[in-house]
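K.L.:
Sequence:
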Amino acid sequence: MPPDVHALMMPRSFRDDIIFTPLNFSSEQKMSDTIGKKLTNIFVKILLGLLIVSFGIWGIGDYISPGPTNLVVATIGKQEISTREFTNEVNQRMQRMRSLFGEDFTMEQAKAMGVVDSVLDQMVQRRLFTEGAQNMGLLVDDVLISKEIKSDPRFHSSAGHFDRNVFNQAIYNAGLNESTYAAIFRGDLIRSQLLSGIEFGRVAPSALADAIYRYRNEKRTAEVLRLNHKSIRSIPSADESQLKKYHKDNAMRFTAPEYREITLVQMRKKDLVDEIDVPEKRIKEEYENRINEFKTQEKRTIQQILTSDEKKAQLVYQKLLQGGNFFKVAKDELNLEKSTMELGTLSRSLLPLPELADAAFELPPNTFSNPIKTALGWHILRVTKVQSATVKTLADVSDNIKKQIAEELSVDALYDLSNKFEDELGGGATIDEAAKRLNFEIRKIPFLSNRGQNVEEKPVEDIAQGVVKVAFETPDGEDSSLTEDGDNGYFILHVDKTIPPALRPFDKIFAKVAMAWKEEQQAKSASKNIKKLMKGLSISVKIQDIAKELNLNSKKTEPFLRNGQGLKQQLPGGLIGKLFKAKTGDAVSAEGNGAHFIAVLIDVKAANPVADKQGFDELSNQISGGLAEDLTIQLGNAMRREIGVTINRQAVDTIN
5 MPPDVHALMM
15 PRSFRDDIIF
25 TPLNFSSEQK
35 MSDTIGKKLT
45 NIFVKILLGL
55 LIVSFGIWGI
65 GDYISPGPTN
75 LVVATIGKQE
85 ISTREFTNEV
95 NQRMQRMRSL
105 FGEDFTMEQA
115 KAMGVVDSVL
125 DQMVQRRLFT
135 EGAQNMGLLV
145 DDVLISKEIK
155 SDPRFHSSAG
165 HFDRNVFNQA
175 IYNAGLNEST
185 YAAIFRGDLI
195 RSQLLSGIEF
205 GRVAPSALAD
215 AIYRYRNEKR
225 TAEVLRLNHK
235 SIRSIPSADE
245 SQLKKYHKDN
255 AMRFTAPEYR
265 EITLVQMRKK
275 DLVDEIDVPE
285 KRIKEEYENR
295 INEFKTQEKR
305 TIQQILTSDE
315 KKAQLVYQKL
325 LQGGNFFKVA
335 KDELNLEKST
345 MELGTLSRSL
355 LPLPELADAA
365 FELPPNTFSN
375 PIKTALGWHI
385 LRVTKVQSAT
395 VKTLADVSDN
405 IKKQIAEELS
415 VDALYDLSNK
425 FEDELGGGAT
435 IDEAAKRLNF
445 EIRKIPFLSN
455 RGQNVEEKPV
465 EDIAQGVVKV
475 AFETPDGEDS
485 SLTEDGDNGY
495 FILHVDKTIP
505 PALRPFDKIF
515 AKVAMAWKEE
525 QQAKSASKNI
535 KKLMKGLSIS
545 VKIQDIAKEL
555 NLNSKKTEPF
565 LRNGQGLKQQ
575 LPGGLIGKLF
585 KAKTGDAVSA
595 EGNGAHFIAV
605 LIDVKAANPV
615 ADKQGFDELS
625 NQISGGLAED
635 LTIQLGNAMR
645 REIGVTINRQ
655 AVDTIN
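According to my numbering, the stretch in the sequence shown is residues 5 to 660, in order.
What the hints contain is simulated information worked out from the structure, not anything from laboratory work. A virtual CB, placed ideally from N, CA and C, is assigned to each residue, including glycine. One or more hints might be untrue.
Each computed SDA-like pair below joins lysine to any residue, with the alpha-carbon atoms no more than 25 Å apart [what the hints assert, rightly or not]:
(1) K223 x A208
(2) K552 x D590
(3) K285 x S402
(4) K448 x P505
(5) K552 x G598
(6) K532 x A551
(7) K582 x E595
(8) K552 x L541
(9) K560 x A520
(10) K585 x V228
Computed Cβ-Cβ distance ranges for the label pairs, DEER-style [to be verified]:
(11) R100 x N254: 43 to 51 Å
(12) M117 x L212: 30 to 38 Å
(13) L571 x A174: 46 to 54 Å
(14) M101 x A468: 16 to 24 Å
(15) E297 x G490: 25 to 33 Å
(16) A174 x T344: 47 to 55 Å
(17) T344 x Y219: 34 to 42 Å
(18) D436 x K462: 24 to 32 Å
(19) M101 x G630: 21 to 29 Å
(20) Q83 x D436: 53 to 61 Å
(21) L571 x N254: 30 to 38 Å
(22) D480 x Q457: 27 to 35 Å
(23) Q408 x Y219: 56 to 64 Å
Kindly generate the complete structure, drawing on both the sequences and the hints.
P.N.:
Okay, structure coming up:
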């Protein structure tokens, strides 16, 4: 939400007795004729539940009056959306997107993903609903707003009553003033009134829910035979003329992509780290400031016997003094298992009770304590191993500290160098000239595809995807801008040449063409074999018999759904689709990735919604939500036609 909104200043302020003077309706019948019945307190409370979400969805841009120089982004009936409020809402959305995708997420990316248009659509939609509600005479009076705001527990004191100071602080933290919050509240309630008929009438027909549940949850089982294409070895070699024809007929398959020939200069932190001189004094100071990082606490492996009975504890202690085995005595006298007696290897700070920590860290190894009384009962501790505390010396960690300091300093150094590089370019130097003057490496990359590959279709070494993207966004013969490469540094490039897509020469890719031809022939042969096998299946000839003849194994699937859930083996979608159209005992076939499949349907297990009430109810709610969403969209489209919406595309596109 915007940090401060003053456009809708109201003449009255919230008072503890009443916030607004009631609006003067001509009669209750007027409201009844328009919306069917009065807005009751219970109804409002239900609507208020929606407001938590609605503030995030609707935003507060509706209530910012445009300045005199503001362009109008959209006109909805008598209402307008200014560039200022549109920009505010887009910026809010950008903050949320950057929390998901990182701070490098740009406005251009947001536009390409449809984020900006989505924000505008939502703003237009809520204006449509507001104006439509007002045209229908739907109103919310000030008394109701006052009452509901006061009943909101977010604005209550610890005593459970409305507290003006809590309220003021809450709206201040949200970047709102009193009048703006009230206006938002009023608008959301009015829109909620309009949509209430859809919200409370959204019940999925039981017959529809039943049919969809049965369709989605029906399970089938099949016996499957997989014929791997590579297992077909009786493919004769092709002669050169056949391969040349195949190369020509499948030109798109063997066409190289567009390549860019680029000159690249990368300014990376890792290239500067080794050259940054870090004084020994700085390393020592850093070591002393971070000394706790280099310390390890003393740790002890501890076992414990615990009982609530003091007499039992003393009895166990005496038996231990007499040489009894720690675990056997605990088992015999207290029925304790060894696993419950092992506390593990702990530092003093990890023992929850001081009296236990003191005892455990005073015991010599392989000795046990006297019975110790705590709030938990009586403890007898035994220490089996001691790991002494350690402190790494400056010599041990000096190299790491030096590297870390150098990495920190490299950020500023790199920033200064990037500015100098831009100054060189501004003075008329080429990328090559600027790089040489500042001692940066110049990389010449003759072939770079939009997948980051070279002409041999292998990844170009040490090149980020960001470089590839910029290379294909920069026009031929031009420099890119100096671009940040995440946390690595910066880069700049020049597109020396654009190499258009072209059919790779036959003699250069002979082996690849031959392999592609062979794979295609294997697939065709497998398809013919499958058709013959399908014809051979009968009541007396089972799929298992065919598998045995081919020296293969057929496999029975687990029961699975239409989406393949439940399968423990990969089956092509086409095969699954055919199995769900088949009858029990039917055989179907389909081609998959590198193989052909035959499957015989063994069993059909119908879904039973009565036995899965929770699943059926969840599906009904999903369908109801979908119906409500569809109706809301239809209502919005109808209002758009009736009220009229005009979008200023040029104003939308100028946002940055």
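K.L.:
State for each hint whether it applies.
P.N.:
Hints, verified against the model:
no.: 1; hint: K223 x A208; verdict: holds, 24 Å
no.: 2; hint: K552 x D590; verdict: holds, 20 Å
no.: 3; hint: K285 x S402; verdict: holds, 11 Å
no.: 4; hint: K448 x P505; verdict: holds, 20 Å
no.: 5; hint: K552 x G598; verdict: holds, 21 Å
no.: 6; hint: K532 x A551; verdict: holds, 16 Å
no.: 7; hint: K582 x E595; verdict: holds, 12 Å
no.: 8; hint: K552 x L541; verdict: holds, 13 Å
no.: 9; hint: K560 x A520; verdict: violated, 32 Å
no.: 10; hint: K585 x V228; verdict: holds, 16 Å
no.: 11; hint: R100 x N254: 43 to 51 Å; verdict: holds, 47 Å
no.: 12; hint: M117 x L212: 30 to 38 Å; verdict: holds, 34 Å
no.: 13; hint: L571 x A174: 46 to 54 Å; verdict: holds, 52 Å
no.: 14; hint: M101 x A468: 16 to 24 Å; verdict: holds, 21 Å
no.: 15; hint: E297 x G490: 25 to 33 Å; verdict: holds, 27 Å
no.: 16; hint: A174 x T344: 47 to 55 Å; verdict: holds, 49 Å
no.: 17; hint: T344 x Y219: 34 to 42 Å; verdict: violated, 52 Å
no.: 18; hint: D436 x K462: 24 to 32 Å; verdict: holds, 26 Å
no.: 19; hint: M101 x G630: 21 to 29 Å; verdict: holds, 26 Å
no.: 20; hint: Q83 x D436: 53 to 61 Å; verdict: holds, 56 Å
no.: 21; hint: L571 x N254: 30 to 38 Å; verdict: holds, 33 Å
no.: 22; hint: D480 x Q457: 27 to 35 Å; verdict: violated, 20 Å
no.: 23; hint: Q408 x Y219: 56 to 64 Å; verdict: holds, 60 Å
Consistency note: the structure conflicts with the earlier hints numbered 9, 17 and 22.
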